[in-house]
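This is what each chain is made of:
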Amino acid sequence: MTTLKPDAVVVGGGAAGMAAALELEKAGRSCVIVEREEGLGGILMQCAHAGFGLVEFDEELTGPEFAERFAEKVLASKVTVLDGATALELRDEGERKVLDCCSAKRGVVRIEARAVVLAMGCRERNRGNVRIPGSRPAGVYTAGLAQRLVNIEGVVPGRRVVVIGSGDIGLIMARRMSWIGAKVEAVVEILPYPSGLTRNIVQCLEDFGIPLYLGHQTTRIFGKDRVEGVEIAPLENGALDLSRARTIPCDTVLLSVGLVPENELSRGAGVELNPATGGPKVDSTLMTNVPGVFACGNVLHVHDLVDWVAEEARRAGAHAAAWLRGERPGPELRVKAGANVRYVAPVKVDLSRKNRVYFRSLAVLHGATLEARIDRRVVRKIRKGHVQPSEMQSIELGPEDFADLAEAGSDAVLEIALV
Amino acid sequence: MERDLVCVVCPMSCALKVRLGEDGTVLTSGNRCPRGARYAAEEFLDPRRVVSATARIRAADAPERGEVGAVARVPVRTAGPFPRERIAELLEAVYALEVALPVRRGQVLIPDALGTGVDLIATRSLPFPPAGA
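Chains A and B supply the protein sequences, listed in that same order. The first sequence runs contiguously to residue 514 in my numbering. The second sequence runs contiguously to residue 135 in my numbering.
I should point out that these hints are in silico values taken from the structure, not numbers from a laboratory. One thing to keep in mind: the hints can contain errors.
[As the list claims (entries may be wrong)] Partial pick of chain A residues on the chain B-facing surface, computed with a CB cut under 8 Å:
#: 1; residue: T157
#: 2; residue: Q312
#: 3; residue: T314
[Stated by the list, open to error] Which stretches of chain A does chain B cover? Using the computed rule of at least three CB atoms under 8 Å from a CB of chain B, they are:
#: 4; region: 229-237
#: 5; region: 393-407
#: 6; region: 473-487
Model, not experiment: these values are computed from the prediction. Using N, Cα and C, we set each Cβ at its ideal position, and we do this for glycine too.
Looking at chain A on its own, in the form it has when it is part of the complex:
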């Protein structure tokens, strides 16, 4: 067994892990990245489409290009990369966090560190999570799995495709499958509006004449050995109208029905989770309830742009470095999601400095105004215009917004609302 003793260990070598590790190294801290795949980059490596890096690099890059730019910096730094290694368990042993890993190349590796950054990303929700009835034939894939098969492994998963869910991965896979010569018969969305960006609706569906069924539920998957079709039915006022059900023949079903932060390691370490995001609850320094354990990127909450992942991860890395120096957050104020807001992350702000809070709306709103309130007193008002759940929003709040907080009392709450 090998033992490594860096100042910090970063779990996950995708965009979040690399950005956090580079920040730790910049602060003079020794750091190990543990990555399950061979090589760095995470999910970006299978995202062959363009659209990454507009904020970070002012260019429209594909996933692998974005990832390689970060990976080059990591490999040129003193950060140790332990790839092809699975993190098995995270626990406290006195002052130290211990992360047990195993890899085919190095066997069991024990990492002892004083700080941990969780950057494991997400998993896809699958058929079991959304309970689609019917038989269990071959040919049902999550969209991300199909993306990996097509873009990395060079395998065509099927010829006649129905995509369930209109998230961006599903839309992008509809275009990808069309471009490799498959026929995409339909995209089926249970909500009355698409989950993905308008740009993707236009460029991934309309360009190919792929029908989008909004407000439709998939009521059955047919087929014995291989998928033969799906049955869909419209929802009228929340109830299924089976009289208008239709069958769409296909040999492949791709599921794009959402992402869930990967929490096994966090749970085992006693990290408290936020039901609204599915990821850890973090304070103003992106630290979880377990002292010295930080979280960033898609494991914290699902982002729609990798550029925001990198931004957030840099802060997590910098805060972890500060924590290693013995710094602790100043007085904090609790943040909660108000009207029309699905979640906020983090759930605390530091009163002594600027804080960036990410949030998502609950619904599509036109002419919306963002209000930050402390105990019902509006401290900041921003005209937002159009907001929709698929576009993550953020607000920066600083000491000027927290003036005359003394009168609000110690159990004051900052509320982020859209009105």
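Please arrange chain B on chain A, whose structure you already have, making use of the hints.
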């Protein structure tokens, strides 16, 4: 001839009506900002897309099937927006490629694809990091 377009410049998703004026200029209504008019003109006269795909690796350089961490295809894209009407032709050219390794990110695989002035480039270095880097 009037066409309905949805603007994709920002999330407002304005419903645009676009037609060609008698003097040959593109007339747009429904846009809430000048960027919408610009998008409408481009999309109406010369729609373009950044095309991404994957290309075959030359057999002698390709990994064994099932090899751990093996990358079986080289991801590629057009270096800039490419005429939408010619994407099918471009894909045929991409699928006919046999890319020799090593390949570097940004390496031009098809210069001036189909005479459009747009290059097709690799978007991933194989192997990574490149030898000698």
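- Item | Status of the A/T157 interface restraint (C-beta, 8 Å, chain B) | With a minimum Cβ separation of about 4 Å from chain B (threshold 8 Å), the hint on A/T157 holds.
- Examine the region 229-237 of chain A: at least three residues should have C-beta closer than 8 Å to a C-beta of chain B. Violated - the region 229-237 of chain A has 0 residues with a Cβ nearer than 8 Å to chain B, which falls short of three.
- Task: Quick one: see if chain B covers the region 473-487 of chain A, three-plus residues with Cβ-Cβ under 8 Å.
- Result: holds (count 5)
- Interface hint for A/Q312, Cβ within 8 Å of any Cβ on chain B: Nearest chain B Cβ about 25 Å off; hint violated.
- Item | Cut-off 8 Å, beta-carbon criterion: hint that A/T314 touches chain B | violated, 30 Å
- Item | chain B covers the region 393-407 of chain A, three or more CB atoms within 8 Å, holds or violated | Coverage by chain B is violated for the region 393-407 of chain A (0 residues, Cβ < 8 Å).
Violated hints, listed in ascending order, are 2, 3, 4 and 5; each of the other numbered hints is respected by the structure.
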